[in-house]
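Heads up: the sequence shown begins at 30 in my numbering, then just goes up one per residue.
None of these hints come from the bench; they were simulated from the model. In this text, a Cβ means the ideal position worked out from N, Cα and C, and glycines have one as well. Be a bit skeptical, because a hint or two may be false.
[Unchecked claim] Computed list of lysine-lysine pairs in DSS-like fashion (alpha-carbon distance at most 30 angstroms, straight line):
#1 K100 x K126
#2 K131 x K149
#3 K149 x K126
[Stated by the list, open to error] Quick list of the computed label-pair ranges, beta carbon to beta carbon:
#4 S157 x T136: 33 to 39 angstroms
#5 I132 x F37: 22 to 28 angstroms
#6 T201 x L64: 33 to 39 angstroms
#7 G176 x D61: 20 to 26 angstroms
#8 G176 x E54: 35 to 41 angstroms
#9 H129 x K149: 38 to 44 angstroms
#10 D99 x E66: 16 to 22 angstroms
#11 L64 x K131: 32 to 38 angstroms
#12 V168 x D122: 30 to 36 angstroms
#13 G218 x K123: 35 to 41 angstroms
#14 Q120 x K63: 17 to 23 angstroms
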Amino acid sequence: MLLLLDNFDSFTYNLVDYFGQLGVEVHVLRNDVKLEEIEALPMEGIVLSPGPGEPQQAGVMMEVIRHYHDKVPMLGICLGHQALGAFFGAQLDKGIKPMHGKISEITCEADPLFAGLPPKMPVVRYHSLVLKHWPDSIVPLAYTAEGELMAFRHSTLPLHALQFHPEAALTTYGLDMLRNWLDIANIAGR
30 MLLLLDNFDS FTYNLVDYFG QLGVEVHVLR NDVKLEEIEA LPMEGIVLSP GPGEPQQAGV
90 MMEVIRHYHD KVPMLGICLG HQALGAFFGA QLDKGIKPMH GKISEITCEA DPLFAGLPPK
150 MPVVRYHSLV LKHWPDSIVP LAYTAEGELM AFRHSTLPLH ALQFHPEAAL TTYGLDMLRN
210 WLDIANIAGR
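Work out the full structure: start from the sequences and follow the hints.
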């Protein structure tokens, strides 16, 4: 089972639908739960959803990362991407310009997360903040043409992050990226 930590985002159930299409059972909990409630769940991985604000304002999310970062695979999306980066020491700062509902082309590094996908692809972005000045433990995987970080993985832990929204209809290969992440995390569908 996959835990989807909902940061009160309107895209949460698009993610649930995509994972359902991939045959994965998803349990959704909002970020206002207690860690003990999460600990009671038998989970194979955690998805940190998009949401408003900054990571430190997102309820129990940073505590979940602290508790589980070395225990189960995680995928951070948008706010979740920022939270994983901040947890490992990256600086969160204003992007070049706010990107709410905007499409950008990203350039991807060769990585299992993007296996079978073109090296350049359109993605949908909904954010004003970006990660900057990250430590060596963060391995960059995708950038915009302006050099803003759009995806990373941790160098030694099974943690991945996407600044953009793979579940947005205009992110052409979003379902494929989620499938690839499930393969990397060894989370089997039905």
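Structure-based check of each hint:
no. : hint                            : verdict
1   : K100 x K126                     : violated (36 angstroms)
2   : K131 x K149                     : holds (16 angstroms)
3   : K149 x K126                     : holds (21 angstroms)
4   : S157 x T136: 33 to 39 angstroms : violated (22 angstroms)
5   : I132 x F37: 22 to 28 angstroms  : holds (24 angstroms)
6   : T201 x L64: 33 to 39 angstroms  : holds (36 angstroms)
7   : G176 x D61: 20 to 26 angstroms  : violated (36 angstroms)
8   : G176 x E54: 35 to 41 angstroms  : holds (38 angstroms)
9   : H129 x K149: 38 to 44 angstroms : violated (22 angstroms)
10  : D99 x E66: 16 to 22 angstroms   : holds (21 angstroms)
11  : L64 x K131: 32 to 38 angstroms  : holds (35 angstroms)
12  : V168 x D122: 30 to 36 angstroms : violated (20 angstroms)
13  : G218 x K123: 35 to 41 angstroms : holds (38 angstroms)
14  : Q120 x K63: 17 to 23 angstroms  : violated (30 angstroms)
When each numbered hint is compared with the structure, violations occur for hints 1, 4, 7, 9, 12, 14.
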